[in-house]
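> Below are the chains, spelled out letter by letter.
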Amino acid sequence: MPDTPDDLRLQIAALLPRLRRFGRALTRSPDDADDVVQAAVEKALRRIGQWAPGTRLDSWMFRIMQTTWIDEVRARERRGRTVVHEDEAVEICASPTDAQIDALAVRKAVGQLGDDQRAVVGLVLVEGLSYKEAAEVLGIPVGTLTSRLARAREVLQRMLGDAPASTVEQEP
Amino acid sequence: MSWTDQDVTAFADGELEAGRASAFASDLAGDAHLQARVDAVRAQRSRIASAFEGVLREPVPDRLAALLGQPAANPVDRAPERRRRADAANSPRFLPPWATWGGMAASLVLGLAVGSRLAGGGSGDLVAQRDGGLVAAGPLARALETQLAKDAAGPVQVQLTFADKQGRYCRTFTAQRMAGLACREAGSWQVAVLAPRVDATTGGLRQAASVLPGVVLATVDAQAAGGTLDAKAEGDLVQRGWR
Numbered sequence: 001m002p003d004t005p006d007d008l009r010l011q012i013a014a015l016l017p018r019l020r021r022f023g024r025a026l027t028r029s030p031d032d033a034d035d036v037v038q039a040a041v042e043k044a045l046r047r048i049g050q051w052a053p054g055t056r057l058d059s060w061m062f063r064i065m066q067t068t069w070i071d072e073v074r075a076r077e078r079r080g081r082t083v084v085h086e087d088e089a090v091e092i093c094a095s096p097t098d099a100q101i102d103a104l105a106v107r108k109a110v111g112q113l114g115d116d117q118r119a120v121v122g123l124v125l126v127e128g129l130s131y132k133e134a135a136e137v138l139g140i141p142v143g144t145l146t147s148r149l150a151r152a153r154e155v156l157q158r159m160l161g162d163a164p165a166s167t168v169e170q171e172p
Numbered sequence: 001m002s003w004t005d006q007d008v009t010a011f012a013d014g015e016l017e018a019g020r021a022s023a024f025a026s027d028l029a030g031d032a033h034l035q036a037r038v039d040a041v042r043a044q045r046s047r048i049a050s051a052f053e054g055v056l057r058e059p060v061p062d063r064l065a066a067l068l069g070q071p072a073a074n075p076v077d078r079a080p081e082r083r084r085r086a087d088a089a090n091s092p093r094f095l096p097p098w099a100t101w102g103g104m105a106a107s108l109v110l111g112l113a114v115g116s117r118l119a120g121g122g123s124g125d126l127v128a129q130r131d132g133g134l135v136a137a138g139p140l141a142r143a144l145e146t147q148l149a150k151d152a153a154g155p156v157q158v159q160l161t162f163a164d165k166q167g168r169y170c171r172t173f174t175a176q177r178m179a180g181l182a183c184r185e186a187g188s189w190q191v192a193v194l195a196p197r198v199d200a201t202t203g204g205l206r207q208a209a210s211v212l213p214g215v216v217l218a219t220v221d222a223q224a225a226g227g228t229l230d231a232k233a234e235g236d237l238v239q240r241g242w243r
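Going down the list, the sequences are from chains A and B.
Each residue of the first sequence is one higher than the one before, starting from 1 at the first, in full-length UniProt numbering.
Each residue of the second sequence is one higher than the one before, starting from 1 at the first, in full-length UniProt numbering.
Hints were generated in silico from the structure; no laboratory data involved.
Backbone N, C-alpha and C define an ideal beta-carbon position, used for all residues, glycine too.
A hint or two may mislead.
The calculated SDA-like cross-link candidates involving lysine to any residue, where the alpha carbons are at most 20 Å apart (straight line), are [said to hold, decoys possible]:
no.	chain 1	residue 1	chain 2	residue 2
1	B	Lys-232	B	Leu-148
2	B	Lys-150	B	Glu-58
3	B	Lys-150	B	Asp-230
4	A	Lys-132	B	Ala-21
5	A	Lys-43	B	Val-60
6	B	Lys-165	B	Ala-128
7	A	Lys-132	B	Gly-19
8	A	Lys-43	A	Thr-97
9	A	Lys-132	B	Asp-7
10	B	Lys-150	B	Gly-19
11	A	Lys-108	B	Ser-46
12	A	Lys-108	A	Lys-132
13	A	Lys-43	B	Lys-165
14	A	Lys-132	A	Ala-150
15	B	Lys-150	B	Gly-235
16	A	Lys-132	B	Ala-18
17	A	Lys-132	B	Glu-15
18	B	Lys-150	B	Ala-21
19	B	Lys-150	B	Tyr-169
20	B	Lys-165	B	Asp-230
21	A	Lys-132	B	Glu-17
22	A	Lys-108	B	Glu-58
23	A	Lys-132	B	Arg-42
24	A	Lys-108	A	Asp-31
25	B	Lys-150	B	Thr-228
26	A	Lys-132	B	Asp-13
27	A	Lys-108	B	Thr-228
28	A	Lys-132	B	Arg-45
29	A	Lys-43	B	Asp-221
30	A	Lys-108	B	Ala-21
31	A	Lys-43	B	Gly-69
32	A	Lys-108	B	Arg-45
33	B	Lys-165	B	Gly-187
34	A	Lys-108	B	Ala-49
35	B	Lys-232	B	Ala-163
Covered by chain B, according to a simulated footprint, are these stretches of chain A (three or more residues, beta-carbon under 8 Å) [said to hold, decoys possible]:
no.	region
36	37–47
37	69–79
38	101–109
39	133–141
Build out the structure end to end from the sequences listed, making use of the hints.
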C-alpha cells in the first residue's frame, strides 16, 4: 500500500532526532544543524511526490540536507562570509564525565574536517549507512566515498589519537 | 597474506566482499596484530558515533516538530529568528533551550577548551562546588569582588557588570581559556555560565565583550534588568562590598 503524504509526514517526524544528529555532523554548529533540518523538511514536504516508495526515506532526507547545506555554504561564500566555526557548549553537571569530555573533543575534531569529509563521516560513522548507501546519498562513486572516508579517519586519528581523553589537562 | 589498511577498515566496517571477508576472518583468528588493527578501527568508529548520540535524546525544537505536527501545516517562518540572531552583537547564538536561567545555578556550560581544572582542591582552582552548584574561588572570587572592569589585568578579567532580574549583581569574566558569568548571592559569586572563551582576531577596536562566548552574551541579554552598570556604579559597589 502506498504511503500517503500524511504517513510520510509522520515518518519524517519520527526521523527528526536522526536528522538533527546528521545535521550536527554536517554543519559546525547546532543552530546551523537545525536550520538545515528545517529547510530540508520544508523542501521534502514540497517535493513529497518525488520520493520513490520502497527506497530509504532517511537517505532521501539526508540527501536533501546535504544539498541544502552545500547551497548554504556557497551562498555564504558569495556573501563573503566565512562559515562561523563556533565552539560548542554543552550542558553538563559540575563534574563532567570522561565520556562527555571525549564527546566534545570528537565533535570538535569532526568540525575541523572539510565539508565533504564531514558529510561522509556523518553518513557512515554516525548514521551507520553502508558505503553504497552513503555514496548514493552524496551522488558520488563508492570509490570516492571510500577514499574520502579513509582520509577523514586519518585526520581524526591524528587529532584525537587512540585513547579517549581521560582527564581535563591542567594548563601550565 | 598481508592485508592493507583499506582491507582492515572495510572488514571492520562490514564492507569487505564476502569471499575476502571469510579469508580475512580466518587470518584474524590467529593474528593478534591484525585483530588489534581491526579493534582500533572499530574503537574509533564507536567513539565518533558515541560523540553524536546525545542529540537523539535532546527534545526536538518546537519549530521543527511544528513543520510536521499538523497535516498541511504552513511552513514556519524562520525570518524572525534569523533577524534576532543577526541583530545580536558579535553574532551570539540564541540561548539553547537547556540554558534557561532557572536551570543554570546548578548547571555549568563547559567547553572543551576549558584549560584550567575546575575544582580539584588545588590552590589555583577558580571554582568550587557548593550545595550542588559552583561558586567562584581563589583568583576568580577575588577579581569578581574587587576588580574594576577598566583595570582588568592578571589571570582574570572582569568585563560587564549588571543587575539581573532577580536583583542580583552579575559580572562576566574571562580567565585563562574560559569565560563565564557569575552572580553575587549569599555573599559568594555563583557561577552561572562557564564556556570556552573566544578570542577576537579581528583588527580595529577590540571590544571587551568580544572575547565572551555567545552563550554568555545571550545570557546577559536575556537576564540584565537594565543596561550594564557604568564604571562609577561599579566602583561604588566594589567599595560597598556589593551590598
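> Now, for every hint given, state plainly whether the structure supports it.
Right, here's what the structure says about each hint:
1. Lys-232(B) <-> Leu-148(B): Distance ~10 Å between Lys-232(B) and Leu-148(B) Cα, so the pair holds.
2. Lys-150(B) <-> Glu-58(B): Violated, at roughly 41 Å.
3. Lys-150(B) <-> Asp-230(B): 10 Å, holds
4. Lys-132(A) <-> Ala-21(B): 17 Å, holds
5. Lys-43(A) <-> Val-60(B): Answer holds: Lys-43(A) to Val-60(B) is near 19 Å, not above 20 Å.
6. Lys-165(B) <-> Ala-128(B): Not satisfied, since the Cα-Cα distance of roughly 25 Å exceeds 20 Å.
7. Lys-132(A) <-> Gly-19(B): 18 Å, holds
8. Lys-43(A) <-> Thr-97(A): The hint is violated at about 39 Å.
9. Lys-132(A) <-> Asp-7(B): 16 Å, holds
10. Lys-150(B) <-> Gly-19(B): Not OK: Lys-150(B) and Gly-19(B) at ~72 Å, beyond 20 Å, violated.
11. Lys-108(A) <-> Ser-46(B): With Cα atoms ~16 Å apart, Lys-108(A) and Ser-46(B) stay inside 20 Å; holds.
12. Lys-108(A) <-> Lys-132(A): 27 Å, violated
13. Lys-43(A) <-> Lys-165(B): 41 Å, violated
14. Lys-132(A) <-> Ala-150(A): Between Lys-132(A) and Ala-150(A) the Cα gap is close to 15 Å, so the pair holds against 20 Å.
15. Lys-150(B) <-> Gly-235(B): Satisfied, since the Cα-Cα distance of roughly 10 Å is no more than 20 Å.
16. Lys-132(A) <-> Ala-18(B): 15 Å, holds
17. Lys-132(A) <-> Glu-15(B): Satisfied, since the Cα-Cα distance of roughly 9 Å is no more than 20 Å.
18. Lys-150(B) <-> Ala-21(B): With a Cα-Cα distance of about 67 Å, the restraint between Lys-150(B) and Ala-21(B) is violated, given a limit of 20 Å.
19. Lys-150(B) <-> Tyr-169(B): Holds - the C-alpha atoms of Tyr-169(B) and Lys-150(B) are around 18 Å apart, at most 20 Å.
20. Lys-165(B) <-> Asp-230(B): 18 Å, holds
21. Lys-132(A) <-> Glu-17(B): 12 Å, holds
22. Lys-108(A) <-> Glu-58(B): 19 Å, holds
23. Lys-132(A) <-> Arg-42(B): Answer holds: Lys-132(A) to Arg-42(B) is near 19 Å, not above 20 Å.
24. Lys-108(A) <-> Asp-31(A): 15 Å, holds
25. Lys-150(B) <-> Thr-228(B): Holds, at roughly 14 Å.
26. Lys-132(A) <-> Asp-13(B): 12 Å, holds
27. Lys-108(A) <-> Thr-228(B): 33 Å, violated
28. Lys-132(A) <-> Arg-45(B): Distance ~18 Å between Lys-132(A) and Arg-45(B) Cα, so the pair holds.
29. Lys-43(A) <-> Asp-221(B): 34 Å, violated
30. Lys-108(A) <-> Ala-21(B): 34 Å, violated
31. Lys-43(A) <-> Gly-69(B): Since the Cα atoms of Lys-43(A) and Gly-69(B) sit roughly 16 Å apart, the hinted pair holds (cutoff 20 Å).
32. Lys-108(A) <-> Arg-45(B): Holds: Lys-108(A) and Arg-45(B) sit about 15 Å apart, inside 20 Å.
33. Lys-165(B) <-> Gly-187(B): Given pair Lys-165(B), Gly-187(B) holds - Cα atoms ~18 Å apart, limit 20 Å.
34. Lys-108(A) <-> Ala-49(B): Satisfied, since the Cα-Cα distance of roughly 13 Å is no more than 20 Å.
35. Lys-232(B) <-> Ala-163(B): 14 Å, holds
36. 37–47: The restraint on the region 37–47 of chain A holds, since 5 of its residues have a Cβ under 8 Å from chain B and three suffice.
37. 69–79: The restraint on the region 69–79 of chain A is violated, since only 0 of its residues have a Cβ under 8 Å from chain B and three are required.
38. 101–109: Holds: 8 residues of the region 101–109 of chain A have a Cβ under 8 Å from chain B.
39. 133–141: Violated, because only 0 residues of the region 133–141 of chain A bring their Cβ atoms closer than 8 Å to Cβ atoms of chain B.
The structure does not agree with the numbered hints 2, 6, 8, 10, 12, 13, 18, 27, 29, 30, 37, 39 stated previously, though it agrees with the rest.
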